[in-house]
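All chains, please: the whole structure from these sequences, using the hints.
2 protein chains.
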Amino acid sequence: MNRIELKSLLADSALGTPAGRIVRTLSARGSMSAAQLARHTGLAKSTISTTLSELRRTNMVVETGIELDGGVGRPATTLTLNPEAGTCIGILIGQSEIQVIVADVSHRVLSDQTVQLEPDYSPEHATDLVRGLIAEAYSQQWRSQDGLLGVGIAVGGPVNPVTSRVMRGGVPKWTGVSLHEHFAPMFEAPILADNESNCSAIAEMTWGAAQGHEDFIVYTLDMGVGGAIVSGGNVLRGVAGAAGEFGHVVIDPHGPLCRCGNRGCLEVYASFRTALVEAETELGRRLHITDVVRLAMSGDETCRRLIRQAGEAGGRGLGLIGSVFNPSLVVVSGRLATAGDLLMQPLIESFERFSLVKREDVPPSAQTRVVPSAFTDNGACMGAVGLVLRNHGQALSLAH
Amino acid sequence: MNRIELKSLLADSALGTPAGRIVRTLSARGSMSAAQLARHTGLAKSTISTTLSELRRTNMVVETGIELDGGVGRPATTLTLNPEAGTCIGILIGQSEIQVIVADVSHRVLSDQTVQLEPDYSPEHATDLVRGLIAEAYSQQWRSQDGLLGVGIAVGGPVNPVTSRVMRGGVPKWTGVSLHEHFAPMFEAPILADNESNCSAIAEMTWGAAQGHEDFIVYTLDMGVGGAIVSGGNVLRGVAGAAGEFGHVVIDPHGPLCRCGNRGCLEVYASFRTALVEAETELGRRLHITDVVRLAMSGDETCRRLIRQAGEAGGRGLGLIGSVFNPSLVVVSGRLATAGDLLMQPLIESFERFSLVKREDVPPSAQTRVVPSAFTDNGACMGAVGLVLRNHGQALSLAH
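Which chain is which? The protein sequence lines are A and B, in order. According to our numbering, the first sequence is numbered sequentially starting from 1. According to our numbering, the second sequence is numbered sequentially starting from 1.
Accuracy of the hints is not assured; some may be wrong.
Pairs involving identical chains hold if they fit within one copy or between any two copies, as the list cannot separate such chains.
[Claimed, not checked] Capping the alpha-carbon separation at 30 Å, the derived lysine-lysine pairs in DSS-like fashion look like this: (1) K358 - K173; (2) K45 - K7; (3) K358 - K7; (4) K45 - K358.
Think of the hints as simulated: they come from the structure by calculation, not from any bench.
Take a look at the structure:
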């Protein structure tokens with residue numbers, strides 16, 4: 001086994017071969033049993049068996065353990081790509097933070113570091129930080145970057161899918177920066193970029209609350225309101241990269257001005273921006289969303305009320321989005337979702353009220369499930385890692 | 001060639017064979033050149049050539065003419081399935097009409113008949129009518145129904161995708177009727193059913209304004225407001241069959257009651273229902289939407305104003321939907337769309353105003369195109385024919 005072989009097995013040209021399909025599936029999904037691989041790739045069990053023998057002989061695929069496969073209680077060996085076969089880097093360029101995760105191709109996280117910054121930090125400063133964090137992560141693991149498969153970048157704002165250029169309305173100082181051009185000199189590996197919400201969707205379907213789902217909605221409630229649309233296992237990007245920008249549907253044309261320039265956007269009502277100011281005023285000190293959630297969970301009435309109101313407003317927006325898609329699953333993401341039932345209960349009640357299809361009118365199989373995210377942040381940086389694991393070798397098709 | 005062979009070539013099991021892929025593509029798309037078939041199926045030109053020779057030898061595929069293939073000006077022979085290989089029936093169960101179209105598998109319409117009815121017509125009455133219209137269509141063409149490939153049914157309202165049962169909120173007397181059970185005794189062929197808007201989407205991508213597009217939105221402005229979402233060439237149906245019900249997104253929670261039971265739905269503002277009453281009052285006589293469109297186009301100021309207002313309200317709703325999807329293409333359907341620029345101009349202006357991504361901020365390739373439908377009605381009955389042509393042999397996957 002060598003790394004060049006892994007890259008060639010992940011290339012589009014290898015998709016027609018059983019080995020290519022198995023390797024791509026393991027890269028996207030992490031660990032799987034032979035039976036699960038057969039179901040997922042559609043290959044015959046005999047083909048799976050022969051190909052896995054060869055992939056194990058060359059050490060491309062390794063055993064990771066035994067797990068119960070489904071409900072029948074028969075234990076099965078689970079397999080992953082060899083952790084030594086390659087690494088991926090995920091970078092989050094957030095409103096006031098930089099996060100860097102290094103993981104290997106067996107989906108094991110090797111390093112996860114976050115640095116808080118002032119909101120107007122410069123791309124140059126961020127780049128220096130990222131370079132340092134990555135060097136540190138690899139040296140601590142005694143690994144070289146030779147096996148780097150790709151770099152995924154999650155950005156707190158819209159990204160043009162063709163040019164990878166950061167668009168207006170996201171992280172202030174990054175507007176107009178081409179992520180490919182900016183980061184290319186640093187890495188000898190493909191760079192894939194998408195907005196934070198789309199990356200969160202990849203994290204949810206790979207490791208989170210949407211595992212096994214090919215069609216679902218991510219709905220993010222935080223200082224902004226956003227989301228993502230997943231259809232047939234693909235995150236929809238939109239003709240200008242703005243699909244899933246749920247925060248900017250206009251609720252009231254005569255409402256307050258939104259930071260996007262329109263009036264009365266959903267975000268004006270359902271983001272936690274003004275609620276946070278109210279909490280700070282009432283409690284007399286500076287607070288983060290996470291503080292408000294913690295205080296609410298320990299019984300603070302002001303914080304509980306503010307989260308309930310955010311749930312009600314968020315549910316109205318979700319009702320609107322639900323009526324458009326009638327989705328089978330909605331994953332509620334963002335830091336507000338960590339409040340659990342304090343948020344979810346008013347949100348689901350309000351969602352139900354503003355939905356076209358009422359829960360009581362349809363059988364359980366036709367009801368929309370609304371569940372909180374599996375991540376305590378929004379998982380976007382893990383999603384940036386997933387962007388590489390799922391799309392390596394398909395970089396060109398992503399860019400168009 | 002015989003008909004059993006056509007059905008077997010359209011079955012899922014034949015999808016792995018070059019002949020199966022070519023026949024399915026021709027069934028879905030109508031006529032194509034060999035070069036187009038190669039691009040579309042991904043098969044090698046040599047495979048296309050060998051397989052087409054065999055399909056032409058058995059008379060399954062026939063030449064239909066010569067056309068210019070693309071911009072290079074080189075003429076190419078176009079091919080279709082043999083018109084004698086089979087027929088399809090499309091049935092529209094509308095609010096106050098029944099329409100029946102019979103077409104052959106080369107996409108030629110053999111018969112197209114519409115009967116106007118009172119809105120509370122019974123399913124039994126409709127069934128008798130449908131039976132008569134179909135018998136007449138076949139006898140006029142000197143054809144038997146032996147080669148009937150399938151029956152597509154478009155319904156003016158939501159249909160449960162699993163049970164094919166007509167849901168609340170559509171054609172009054174049909175609520176609760178299972179279309180499979182109701183029509184199965186009449187035909188010895190599979191029955192496929194979907195709502196009117198989803199069928200319109202199939203018509204637009206097969207014969208209309210969305211030809212060649214795999215991702216687009218249909219937005220219907222008529223006595224109701226509706227639409228459809230097409231992603232990756234598939235019409236999204238939603239967990240309860242209610243995807244694309246754009247008319248029932250709640251615009252104002254304190255607004256007037258909607259027929260769906262919620263308040264302030266988009267349909268209350270953007271459908272032509274109340275506008276039609278206003279037109280009738282001002283002009284002192286009973287009118288259909290088509291009358292109002294005709295009067296507006298010949299200069300009547302009242303009718304022009306009412307269509308302009310419908311465009312403005314419709315554009316606001318479309319802005320909302322556009323912000324959710326950021327689609328590359330929107331096809332505006334329904335009888336209001338036949339008013340052309342009288343509707344489209346205020347609609348596009350209002351869409352632009354309520355959209356997150358402004359036209360001036362992005363290059364032309366990243367702009368959303370909003371175009372009127374190619375059909376003077378909404379094309380739903382043709383779409384029901386397309387439902388069969390595109391999905392024959394996949395009936396089971398459609399039903400789940």
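inquiry  = Regarding K358 and K7, is the shortest C-alpha distance of 30 Å or less found within a copy, between copies, in both, or in neither?
reply    = Classified as neither: same-chain Cα gap 48 Å, cross-chain 40 Å, threshold 30 Å.
request  = First find the shortest C-alpha distance between K358 and K173 inside one copy, then the shortest across copies, and answer within, between, both or neither for a cut-off of 30 Å.
outcome  = between (44 Å within a copy, 21 Å between copies)
inquiry  = As a check of your reading, is K45 near K7 (CA-CA no more than 30 Å) within one copy, between copies, both or neither?
reply    = Close inside one copy (25 Å) and across copies (29 Å); limit 30 Å.
inquiry  = My question is about K45 and K358: at a cut-off of 30 Å on alpha-carbon distance, are they close within one copy, between copies, both, or neither?
reply    = Result: close neither inside a copy nor across copies, 43 Å intra and 52 Å inter.
Of the numbered hints given earlier, the model fails hints 3 and 4; all others are met.
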